[in-house]
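Enquirer: Take a look at the letters that make up each chain.
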Amino acid sequence: GQNIDQPTEMTATEGAIVQINCTYQTSGFNGLFWYQQHAGEAPTFLSYNVLDGLEEKGRFSSFLSRSKGYSYLLLKELQMKDSASYLCAVKWVRNQGGKLIFGQGTELSVKP
Amino acid sequence: DTAVSQTPKYLVTQMGNDKSIKCEQNLGHDTMYWYKQDSKKFLKIMFSYNNKELIINETVPNRFSPKSPDKAHLNLHINSLELGDSAVYFCASSHYFRDRDQRYTFGSGTRLTVV
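Heads up: the protein sequence lines correspond to chains A and B, in order.
Note that the working numbering has the first sequence beginning at 1, numbered continuously upward.
Note that the working numbering has the second sequence beginning at 1001, numbered continuously upward.
If you are wondering where the hints come from, they were derived from the structure by calculation, not from laboratory data.
Worth double-checking, as some hints may not be accurate.
[Said to hold, decoys possible] No more than 16 Å apart at the CA atoms, straight line, and that leaves these computed lysine to aspartate or glutamate pairs for EDC-like:
| id | chain 1 | residue 1 | chain 2 | residue 2 |
| --- | --- | --- | --- | --- |
| 1 | B | K1071 | B | E1024 |
| 2 | B | K1040 | A | E9 |
| 3 | B | K1040 | A | E41 |
| 4 | B | K1036 | A | E41 |
| 5 | A | K91 | B | D1101 |
| 6 | B | K1044 | A | D5 |
[Stated by the list, open to error] If you want the ones that stay clear, here's a sample from chain B, every Cβ over 10 Å from chain A, calculated:
| id | residue |
| --- | --- |
| 7 | T1007 |
| 8 | T1059 |
| 9 | N1062 |
| 10 | S1080 |
| 11 | D1085 |
Think of the CB as a built atom: it goes at the ideal place given N, C-alpha and C, for glycine as much as any other residue.
Model the full structure from these sequences, guided by the hints.
Expert: What follows is the structure, encoded as structure tokens:
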């Protein structure tokens, strides 16, 4: 199938670092996206990985290992405003029209 | 100068009614999507259009009918609404899937409540 697994909930402290993992089926993999969604709002794009390695963007970094079917989103210097749901989404080659399949999302709570 | 705009933002209606949600994008994208987000926050694709042509049609009741008059607009019409249709519906747009940068831009969502 096209399962995507990520933890349902995580809690971290302001100023700390948190890593949100995502695993997916490797066959036909063609790209992975991370989105952030605050409660009651639209998802917004954070990062895109299609090759192995780390992509860094300010406080946020995303890592991909295609052979392991594994990605993580790393959030540094956590701020209260980072409390949100983080969605991992994958594109597979055989997917009609290149649709993205989303994971269930990881609800991150940042505590003072 | 909103990139992807959806209307209405909230929709409360009775079972059996017919309703429409409209979506417009000004990003110059040629592909648009409808996603449904249920109470467990799972985002599931319903439809996708590329340059007015339907390219993705998931297993969705035929009470749902998308229409794309041009590549900047994608509307969703729902007939005979049922309680289970209550959800948040997101419109999104992107470049064509064969382009490398296929990041989606989402609209603000329409929270549909069927009573």
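Enquirer: Tell me, which hint numbers fail for this structure?
Expert: Hint check: nothing fails, all pass.
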